[in-house]
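**Student:** Sequence:
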Amino acid sequence: MVQLGSHAWTVRSLVLLAALFHLVSSSIIATFTDDQCKNAFQSFTVENGYPNGTCSRLADNGKYGSFQVVGLDPGCSATIYGADAEEFVPCSSTALQFAQIAACYNASWVYYSVDMCTPPNPTINPSRPTGTSNEAKNSNKNNTGAIVGGVVGGVGGLALIGLAFFLVHRRHRNKKHALAQPPAMPPPPEVAGNDINELPQDGVKPEIYTSEANAHEIGRNSLYIPPEQPPAELEGSAAVQDEKRGI
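Those letters in the sequence shown? Residues -26 to -1, 1 to 221, per mature numbering (1 follows the signal peptide of the UniProt record, and there is no 0), in order.
Derived by calculation from the structure, the hints in this document are not laboratory data. Glycine included, every Cβ here is placed at the ideal spot set by N, Cα and C. Heads up, a few of these hints could be off.
Stated by the list, open to error - Below 20 angstroms or equal to it, Euclidean Cα-Cα: the simulated EDC-like pairs (lysine to aspartate or glutamate) are:
(1) K37 <-> D9
(2) K12 <-> D58
(3) K37 <-> D58
As the list claims (entries may be wrong) - Derived DEER-like restraints, expressed as beta-carbon distance ranges:
(4) A77 <-> R31: 48 to 58 angstroms
(5) Y24 <-> V126: 14 to 24 angstroms
(6) D58 <-> G36: 48 to 58 angstroms
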């Protein structure tokens, strides 16, 4: 009864250990010192094959009397091999079979391999944040992007308003300055020298007016000047007249 209880406790422990290792995605093999899988010796993780695993010797993990496969990763299958049929050729035995979980196998089985395992999902990594954390980070990034976009848009709008105000103010100032200045007077027209017909100096003859000269028109705007009359003698006193007569 004591041995049966101890054996049951050992099996339960190995199953729990296998379940624990299975949660962390590991294939497990346990060895025993006896040939009936009663006295536990040690357990170790094995290398998975995607799809073909490595053929490994059970004795490399210590001398054993029996062993069990206590856990396999999803999709994995464990193959056990007898003694080599060819020297220096591991797993060349013609005796091989698929090992069942929790079945007890004696030391006549020398090699094992774990094959055809399902590759792990690369998107699932315990060291990385979960989907909720990623969604929260994405939400924070979206919010940050929206805030940055709003700030940039506001700054651009203020810049456009400032530019419009500057243009209107400059136009108003230029208009006011133009009204304050008097209009520029146009320069007097220049008289071309070639349009004036000058009379030569030698060709001009002065007009001489005499009493005998007849009135004639020199130009369209000339005035008529009558001939000069001899001065008339004024009548004097009778004494003066008699003196002139010689009286």
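**Student:** Is it true that Y24 and V126 lie within 14 to 24 angstroms of each other by Cβ?
**Tutor:** Violated - the Cβ-Cβ distance for Y24 and V126, about 49 angstroms, lies outside 14 to 24 angstroms.
**Student:** Check the hint pairing K37 with D9 against an upper bound of 20 angstroms on the C-alpha distance.
**Tutor:** Satisfied, since the Cα-Cα distance of roughly 12 angstroms is no more than 20 angstroms.
**Student:** Hint check: K12 vs D58, CA-CA at most 20 angstroms. Holds or violated?
**Tutor:** Violated, at roughly 27 angstroms.
**Student:** How does the Cβ-Cβ distance of A77 and R31 compare with 48 to 58 angstroms: does it lie in that range?
**Tutor:** Violated, since A77 and R31 (Cβ atoms, about 20 angstroms apart) do not stay within the stated range.
**Student:** State, for the Cβ atoms of D58 and G36, whether the hinted interval 48 to 58 angstroms holds or is violated.
**Tutor:** Violated: the Cβ-Cβ distance is about 20 angstroms, outside 48 to 58 angstroms.
**Student:** Could you grab the alpha-carbon distance between K37 and D58 and see if it respects the 20 angstroms cut-off?
**Tutor:** Since the Cα atoms of K37 and D58 sit roughly 18 angstroms apart, the hinted pair holds (cutoff 20 angstroms).
In the structure shown, a violation is registered for the earlier hints numbered 2, 4, 5 and 6, in ascending order.
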